[in-house]
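Position chain B relative to chain A; hints supplied.
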Amino acid sequence: MPVTFDRSAEPGVVRLEGEIDIALAAALKEVLLEGLASAGEVRISLESATGLDVTAVQLLWAAEREAKASGVVLALQGPVPEKLRATLEEAGLERFPFADSPAAASEAQ
Amino acid sequence: MAADQDIDQFRHGFQEEARELLVELEAVLLELNERREDGELVGRVFRALHTIKGSGAMFGFDELAAFAHKLENAFDEVRKGHLAVTPDLVDLTLSALDQIRAMVEEGENDAAVDRGACAQILAKVRALTGSADTAGPGNEPDKARKATQPVTEKEAESAKPERAWRIHFAPGPELMRNGADPLLLIRELSGLGRLTAHASMAEIPAIGELEPERCYVCWEMVLVTSAGEDAIRDVFIFVEDVCELAIEPEAAEDGAIRDGATRDGAIREGAIGTGSPAATVASPEPETGAPPAVECAGDVIAKALEEKRRMAGRRATDQPETSASLRVPAARLDQLVDLVGEMVTVQARLSEIAAGSDDSEVLAVSEEIERLTSALRENSMTLRMVPIRATFERFRRLVHDLARDLGKDVELTIEGADTELDKTVIDQLGDPLMHLIRNSMDHGIESPERRAAEGKRPTAKIHLAAQHSGASVLIGVSDDGAGIDGDAVRNRAVERGLTTADAQLSEAEIFSFIFQPGFSTAKQVTDVSGRGVGMDVVRQRVESLRGSIEVASQRGQGTTVTLRLPLTLAIIDGLLVTVGEAFFVLPLASTLECIELTREDIERVNGKHMADVRGELIPYIRLRQYFAVNTPRPEREQIMVVESEEGRCGLVVDQVLGDCQTVIRNLGRLYRHVQVVSGATILGNGKVALILDPQRLVQEAVRSRMQRERVRAQGPPPNLTPNLAREQQSGVPPDGALVEIASNVGAGALASASH
Numbered sequence: 001m002p003v004t005f006d007r008s009a010e011p012g013v014v015r016l017e018g019e020i021d022i023a024l025a026a027a028l029k030e031v032l033l034e035g036l037a038s039a040g041e042v043r044i045s046l047e048s049a050t051g052l053d054v055t056a057v058q059l060l061w062a063a064e065r066e067a068k069a070s071g072v073v074l075a076l077q078g079p080v081p082e083k084l085r086a087t088l089e090e091a092g093l094e095r096f097p098f099a100d101s102p103a104a105a106s107e108a109q
Numbered sequence: 110m111a112a113d114q115d116i117d118q119f120r121h122g123f124q125e126e127a128r129e130l131l132v133e134l135e136a137v138l139l140e141l142n143e144r145r146e147d148g149e150l151v152g153r154v155f156r157a158l159h160t161i162k163g164s165g166a167m168f169g170f171d172e173l174a175a176f177a178h179k180l181e182n183a184f185d186e187v188r189k190g191h192l193a194v195t196p197d198l199v200d201l202t203l204s205a206l207d208q209i210r211a212m213v214e215e216g217e218n219d220a221a222v223d224r225g226a227c228a229q230i231l232a233k234v235r236a237l238t239g240s241a242d243t244a245g246p247g248n249e250p251d252k253a254r255k256a257t258q259p260v261t262e263k264e265a266e267s268a269k270p271e272r273a274w275r276i277h278f279a280p281g282p283e284l285m286r287n288g289a290d291p292l293l294l295i296r297e298l299s300g301l302g303r304l305t306a307h308a309s310m311a312e313i314p315a316i317g318e319l320e321p322e323r324c325y326v327c328w329e330m331v332l333v334t335s336a337g338e339d340a341i342r343d344v345f346i347f348v349e350d351v352c353e354l355a356i357e358p359e360a361a362e363d364g365a366i367r368d369g370a371t372r373d374g375a376i377r378e379g380a381i382g383t384g385s386p387a388a389t390v391a392s393p394e395p396e397t398g399a400p401p402a403v404e405c406a407g408d409v410i411a412k413a414l415e416e417k418r419r420m421a422g423r424r425a426t427d428q429p430e431t432s433a434s435l436r437v438p439a440a441r442l443d444q445l446v447d448l449v450g451e452m453v454t455v456q457a458r459l460s461e462i463a464a465g466s467d468d469s470e471v472l473a474v475s476e477e478i479e480r481l482t483s484a485l486r487e488n489s490m491t492l493r494m495v496p497i498r499a500t501f502e503r504f505r506r507l508v509h510d511l512a513r514d515l516g517k518d519v520e521l522t523i524e525g526a527d528t529e530l531d532k533t534v535i536d537q538l539g540d541p542l543m544h545l546i547r548n549s550m551d552h553g554i555e556s557p558e559r560r561a562a563e564g565k566r567p568t569a570k571i572h573l574a575a576q577h578s579g580a581s582v583l584i585g586v587s588d589d590g591a592g593i594d595g596d597a598v599r600n601r602a603v604e605r606g607l608t609t610a611d612a613q614l615s616e617a618e619i620f621s622f623i624f625q626p627g628f629s630t631a632k633q634v635t636d637v638s639g640r641g642v643g644m645d646v647v648r649q650r651v652e653s654l655r656g657s658i659e660v661a662s663q664r665g666q667g668t669t670v671t672l673r674l675p676l677t678l679a680i681i682d683g684l685l686v687t688v689g690e691a692f693f694v695l696p697l698a699s700t701l702e703c704i705e706l707t708r709e710d711i712e713r714v715n716g717k718h719m720a721d722v723r724g725e726l727i728p729y730i731r732l733r734q735y736f737a738v739n740t741p742r743p744e745r746e747q748i749m750v751v752e753s754e755e756g757r758c759g760l761v762v763d764q765v766l767g768d769c770q771t772v773i774r775n776l777g778r779l780y781r782h783v784q785v786v787s788g789a790t791i792l793g794n795g796k797v798a799l800i801l802d803p804q805r806l807v808q809e810a811v812r813s814r815m816q817r818e819r820v821r822a823q824g825p826p827p828n829l830t831p832n833l834a835r836e837q838q839s840g841v842p843p844d845g846a847l848v849e850i851a852s853n854v855g856a857g858a859l860a861s862a863s864h
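For the protein sequence lines, the chains are A and B, in the order given.
Position one of the first sequence corresponds to residue 1 (our numbering), numbered consecutively onward.
Position one of the second sequence corresponds to residue 110 (our numbering), numbered consecutively onward.
The following block holds chain A by itself, in its conformation from the complex:
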């Protein structure tokens, strides 16, 4: 599965791999909801993702908001591939969700 929630890790990791497009949108939503409901802290890994489309971005965005509202710590694990970042920047999505989260800030450089 390109979209998974790894409960075994501590904290749990929502892992996005390959092309994440509309076909995976429903699955991604489920996985994110599962992640948000599981614990007080969740990581999101985009390291192996090669593409995100709008549906994925808006889900991540909504997840971040949801996390903030419910007091869950949601942060990136590992860097965001440059290609993803470039695509999102080009589309004016430069304020990438979690980009300002501490985990990402330290790893992005």
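Please keep in mind that the hints were generated in silico from the structure rather than gathered at the bench.
Just so we're clear, the structure is a prediction, and the values are computed from it rather than from any experiment.
Cβ coordinates follow ideal geometry from the N, Cα and C atoms, glycine included.
Hints should not be assumed to be uniformly reliable.
[What the hints assert, rightly or not] Far from chain B, some chain A residues (derived; all Cβ distances over 10 Å):
1. Met1
2. Thr4
3. Ala9
4. Glu10
5. Glu17
6. Ala39
7. Gln58
[Unchecked claim] Reference excerpt, derived from the structure (chain A facing chain B, CB under 8 Å, subset only):
8. Arg7
9. Pro11
10. Ala25
11. Leu33
12. Asp53
13. Thr55
14. Ala63
15. Glu90
16. Ala91
[What the hints assert, rightly or not] Simulated restraints on C-beta separations:
17. B:Pro270 - A:Ala9: 50 to 58 Å
18. B:Ala221 - A:Met1: 29 to 37 Å
19. A:Ser70 - B:Pro270: 51 to 59 Å
20. B:Ala228 - A:Glu30: 27 to 35 Å
21. B:Glu214 - A:Ala9: 44 to 52 Å
22. B:Arg145 - A:Ser70: 52 to 60 Å
23. B:Ala228 - A:Met1: 15 to 23 Å
24. B:Glu214 - A:Met1: 32 to 40 Å
Below, chain B without anything else, positioned relative to chain A:
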């Protein structure tokens, strides 16, 4: 039910469009193969794939959309400079196009999608792009971007001056489900110039209520480009109906400032997080120069409303532009042309009746109808005229593939691609041209080593050319290969009993043997040709189009095959003439003038078949004699001077009745070998007139005269063709029997013979 039909109609529309796109794509790819660094070509490939994917998804061609999407991604990598254009990539994409074509046609024709091949192609594409991905996930994209950007900027500078456009783009709920991807659209936009985009996330609901497949994000963008509004609008062409879109120009000097303002707005917007939808629409408004957060709510709403109104207005005025051209199934056009044909025949009868009546009102109406019919006929004919470009361009692929398979280096050049021909003619041209090109590639063009040894350019050339010539179109296929070995052809013809060893044959006659069924001088049969099937097909097809073939070849220099085809198969403008009781139609386009021929004129040149036209001696053919019309010849006859490849020539007839628009009817299978007559028509008075082909008539006359002279010089050879032999003995030309039909048999008989 109606909805089903609508969908069908849309699907057909998509299929038509996809076919055209695939042809274009193929041509662009082949061009790209030659100019691998050309960023514009890469962009064109990408856009074409993008369009096929987008509209494919919209009309339910999901497999196609997914497949094209993967290819599109590969070319996106190329566009971004991550992936280089290699012959492998081009070949891979070409074979992918074949599969896409099959997906488009699936269920229609016998096209079958080879899913195994598809999977292989995708695996190879993945291998190509995958390696590019791993090559440099670091700073590569930035570098690539910098590398490609100067190209687009340079392009822009060299063209029109740049100006800034403000684009509001809000994908509706349906957009994503239709297979469109807003990010790709935006990327396409940024390909047009410098784009500053700001996405508003304000409408994204809580994750629990979020419909995963719906797009909630909307964009405000400023694009500084030299492209016009149409080009910008084209990016959204497939989603325009399912999204909110407003494109507005703004003063060019504002562009830079606005860039900054928007970016500013974006950050603020992001910081605010959950703004109202109205705020997002209005946020980049720069007129006030103030950041949107400072604006008061009333202003914001007023501006949003104004924006909406402007958008509504734009939409309304856009409507007429989109209907500038429309697609019509070819069958419907054919039906129209058929009806017009019937109308022309009936109108001819009406004119005839009106001319015989004393009623001036009937006459006036008849004349008016004649005028209208003529205009209608001309109009409907132009509807079916299409440029030959697409047919020619298709062969780039064939030449590319064959050159690779045969290990030859061949370049295809095209000339006169804008020449227009009736669609029915063009549709049937593909096969003959393909056989001619295959033949040239396989037999005509030498191996690179041999070319080098003979001091020729290593890259061989195949040249396709089209040009108008009177009522015909000449289509030439030339190569600069080895040429035809006349002796080999002759020997083979003797072996096969097509001629005798001592027969005196002109070069053209010798070359014409290659069009005999099963004729081949090839020592071994290759995959490409050599079975002796192709050229026979060429001849049959061209003749069924009432065309002719000529071959010119020079050893070591190359071969040119010229097809002469009629512009249209349906209707011609002609002159109606009589010989005795028989009616003939001469195509107006090949008729130059009409002069009188009296007995004194004939005596003056001692009975030779020559006429003095303003000091120039022109040979003539007596149709009375040629068609064996056995009625006494009138005191004054008319010479119709026609232009032929052999020069000017006269055709002697009894009377010229006047011009006529003629619907061409086939003579039927029985008379398919009669070449001097290109068809027949039914006149207003119900009689049948034969439509003459002056070109063939003159050729035939020249040929039989040369034969006669040779015969006279040598004594008759044993195997003269039966027709000629008969002519020799009786002096009666071969086509006499046909005229009896024309003068004796009524219209009904001919009409039934032609069906």
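Each hint, compared with the structure:
1. Every beta carbon of chain B lies more than 10 Å from that of methionine 1 of chain A, the smallest distance being close to 16 Å; the non-interface claim holds.
2. Its beta-carbon lying about 16 Å from the closest one in chain B, threonine 4 of chain A satisfies the requirement of being farther than 10 Å from that chain.
3. Residue placement check: alanine 9 of chain A keeps its beta carbon more than 10 Å from all beta carbons of chain B (closest about 21 Å).
4. Every beta carbon of chain B lies more than 10 Å from that of glutamate 10 of chain A, the smallest distance being close to 23 Å; the non-interface claim holds.
5. The Cβ of glutamate 17 of chain A lies farther than 10 Å from every Cβ of chain B, with a closest approach of about 13 Å, so its non-interface assignment holds.
6. Here alanine 39 of chain A stays apart from chain B, with its beta-carbon at least about 16 Å from theirs, past the 10 Å limit.
7. Once the 10 Å rule is applied to beta carbons, glutamine 58 of chain A is inconsistent with being away from chain B; the minimum gap is 5 Å.
8. A distance limit of 8 Å between C-beta atoms decides the matter here; for arginine 7 of chain A the minimum to chain B is near 19 Å, and the interface restraint is violated.
9. Proximity of proline 11 of chain A to chain B is violated relative to the hint, the smallest CB-CB distance being about 18 Å (cut-off 8 Å).
10. Interface restraint check for alanine 25 of chain A: the shortest CB-CB distance to chain B comes to about 4 Å, inside 8 Å, so the restraint holds.
11. Here the hint on leucine 33 of chain A is kept, as its CB sits about 7 Å from the closest CB of chain B, short of 8 Å.
12. For aspartate 53 of chain A, the interface hint holds, the least distance from its beta-carbon to any beta-carbon of chain B being 5 Å, beneath 8 Å.
13. For threonine 55 of chain A, the shortest C-beta to C-beta distance to chain B is roughly 6 Å, which falls under 8 Å, so the interface hint holds.
14. Below 8 Å, beta-carbon pairs count as interface contacts, and alanine 63 of chain A has one with chain B at about 5 Å; its hint therefore holds.
15. At about 6 Å, the closest approach between the beta carbon of glutamate 90 of chain A and any beta carbon in chain B falls short of 8 Å, and the interface hint on this residue holds.
16. Among the interface hints, the one on alanine 91 of chain A holds; its C-beta lies about 5 Å from the nearest C-beta in chain B, closer than the 8 Å criterion.
17. In this structure the hint that proline 270 of chain B and alanine 9 of chain A lie 50 to 58 Å apart at CB holds, the actual value being about 56 Å.
18. A beta carbon spacing of about 32 Å between alanine 221 of chain B and methionine 1 of chain A agrees with the range 29 to 37 Å that was offered as a hint.
19. Checking the proposed 51 to 59 Å range against serine 70 of chain A and proline 270 of chain B shows it holds: the Cβ atoms sit about 53 Å from each other.
20. Our hint of 27 to 35 Å for alanine 228 of chain B and glutamate 30 of chain A holds, since their Cβ atoms are close to 29 Å apart.
21. Glutamate 214 of chain B and alanine 9 of chain A have their C-beta atoms about 50 Å apart, which keeps the hinted 44 to 52 Å range intact.
22. Take arginine 145 of chain B and serine 70 of chain A: their Cβ atoms lie about 54 Å apart, and the range 52 to 60 Å holds.
23. Range check, alanine 228 of chain B to methionine 1 of chain A: about 20 Å between beta-carbon atoms, so the 15 to 23 Å window is met.
24. The hinted range of 32 to 40 Å is satisfied by glutamate 214 of chain B and methionine 1 of chain A, whose Cβ atoms lie roughly 35 Å apart.
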